[in-house]
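Protein chains in written order, with the working numbering: chain E, 1 to 109; chain X, 1 to 350.
Hints were generated in silico from the structure; no laboratory data involved. Even for Gly, the Cβ is constructed at its ideal location relative to N, Cα and C.
Here are the computed lysine to aspartate or glutamate pairs in the DMTMM-like style, where the Cα-Cα straight-line distance is at most 25 angstroms:
1. E:K84 - X:D250
2. X:K260 - X:E120
3. E:K84 - X:E238
4. E:K84 - X:E235
5. E:K84 - X:E120
6. X:K169 - E:E31
7. E:K84 - X:E121
Covered by chain E, per the in silico footprint, the following chain X stretches (three or more residues, Cβ under 8 angstroms):
8. 163-171
9. 251-263
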Amino acid sequence: MNSFGFEIQKDNTIEYDKNDLSLAAFVLRHEPSLYNCIQCGSCSGTCPASAISSYQFRKMQLLMRRGETKHLREDVAHCMLCGKCILVCPRGVNTRNVIRQIRIALNMN
Amino acid sequence: MRALKKEVVIIGGGPAGLEAADSLNKLGHAVTILEKEGKPGGKLSNWHKLFPDNVSADGILKQMVHKISGDIQLITNVKITKISREGTKHSVWFNEGKCIQAEAVLVAVGFDLFNASLKEEYGYGIYDNVITSAELESMFTGQKSLATVTGKTPERIAFIHCVGSRDEKVGFRHCSSMCCVTGVKQAIEIKKRLPAAEVMMFYMDLRMHGRFYEDLYLEAQEKHHIQFIRGRLSESSENPDGSLLLKADDTLAGSPIKVKADLMVLLLGFVPTDFHRKMGEEFGVEIGSDGFFSPCDAHLDTNSVKTNGIFVAGACTGAKSLEYTLADARSASLKIHEFLLQTTSANILN
Numbered sequence: 001m002n003s004f005g006f007e008i009q010k011d012n013t014i015e016y017d018k019n020d021l022s023l024a025a026f027v028l029r030h031e032p033s034l035y036n037c038i039q040c041g042s043c044s045g046t047c048p049a050s051a052i053s054s055y056q057f058r059k060m061q062l063l064m065r066r067g068e069t070k071h072l073r074e075d076v077a078h079c080m081l082c083g084k085c086i087l088v089c090p091r092g093v094n095t096r097n098v099i100r101q102i103r104i105a106l107n108m109n
Numbered sequence: 001m002r003a004l005k006k007e008v009v010i011i012g013g014g015p016a017g018l019e020a021a022d023s024l025n026k027l028g029h030a031v032t033i034l035e036k037e038g039k040p041g042g043k044l045s046n047w048h049k050l051f052p053d054n055v056s057a058d059g060i061l062k063q064m065v066h067k068i069s070g071d072i073q074l075i076t077n078v079k080i081t082k083i084s085r086e087g088t089k090h091s092v093w094f095n096e097g098k099c100i101q102a103e104a105v106l107v108a109v110g111f112d113l114f115n116a117s118l119k120e121e122y123g124y125g126i127y128d129n130v131i132t133s134a135e136l137e138s139m140f141t142g143q144k145s146l147a148t149v150t151g152k153t154p155e156r157i158a159f160i161h162c163v164g165s166r167d168e169k170v171g172f173r174h175c176s177s178m179c180c181v182t183g184v185k186q187a188i189e190i191k192k193r194l195p196a197a198e199v200m201m202f203y204m205d206l207r208m209h210g211r212f213y214e215d216l217y218l219e220a221q222e223k224h225h226i227q228f229i230r231g232r233l234s235e236s237s238e239n240p241d242g243s244l245l246l247k248a249d250d251t252l253a254g255s256p257i258k259v260k261a262d263l264m265v266l267l268l269g270f271v272p273t274d275f276h277r278k279m280g281e282e283f284g285v286e287i288g289s290d291g292f293f294s295p296c297d298a299h300l301d302t303n304s305v306k307t308n309g310i311f312v313a314g315a316c317t318g319a320k321s322l323e324y325t326l327a328d329a330r331s332a333s334l335k336i337h338e339f340l341l342q343t344t345s346a347n348i349l350n
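Starting from the given sequences, assemble the full structure and let the hints guide the process.
In structure tokens form, the structure reads like this:
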């Protein structure tokens, strides 16, 4: 194979119509308080797992709701279920149950 | 006109009460203002300059207080104990047994500022260099110096938006709508006084909804290089040197952020007063889910409540700028005037 010195890069567009949104639908059905999120980042700002890894609850759940689930399994594995995120959420989202429902959906429990 | 002269009691001698008193007086009514503090002016008397045009709050207040004359009586240091009604007469009881009677009562009690110590993770009342937006104003007016608690000139100042607003955890879901622009106004004022200081705003959404507010936002960026970081403060802690460590999610950058600041200013939300609850419980004035008074009609009649002869004006029906508070007070005055004319003609017919 010839090497041309370049490669085709995968673009980072969210293909919303092609993505599978069934996992997000499952989680939102079991924890509808997630609909109330306003992306303030209180959860990920206070998260002890976010301080030591690339995991962020805010970003993770947003990507999930767009059907971007590629890193979801490793993301939710970082959560220690400490619940600090629940304490600081100004919208009353039950963040810990969101993690729990994702783990159930991914057969991680 | 004089023949129609009626007694009106206004509860609250802040901007709404003062403006309504002037309007009602010009419409020919005798007005008594009952003010809980020792002087009129309400929150306006603690403010330095007003957004968006940097007009002196004291100058505006002086013009308003100047209008208290003639048939306007001001009683200060009032503690209201009871309001009762017999026929069309209202009796307002205050200061151990004193009573004043009126045909109409205008409630213009304004608002309270959110008690910042309730948000313990922000450290107000725990860490010395965490102050409120109201305390910063008193630094501007010269009552306190613009410095850290040890007297050092702050090199970095962080403003925290939505403290006591948009927060289910403290029981206030509503947007106080005036803190965004207050914060930007105060940030600009700091940069004017301390050009070398770095100023950061931690916000969820910037709601610059009033006329020229957006100009102020642009000025903050363009002229003063104020940094806007989209993320709500998660928690703060104190460094050994008394400075603060702020932790938030810099949501647009997509990473958690840690920032040191010498001074942290909490932009306090507007919350209902104890009097709101009292009026709701004892006099049946309807209270909304935010705890403020709910007028009869949010569009067509913003100054009447279901109880006949009781009216509301200003920020006691939800957060308002001074501009809208004064407009609402004038609107209430007309509503009261119409009501008093009706009761007079009803009495003549009877």
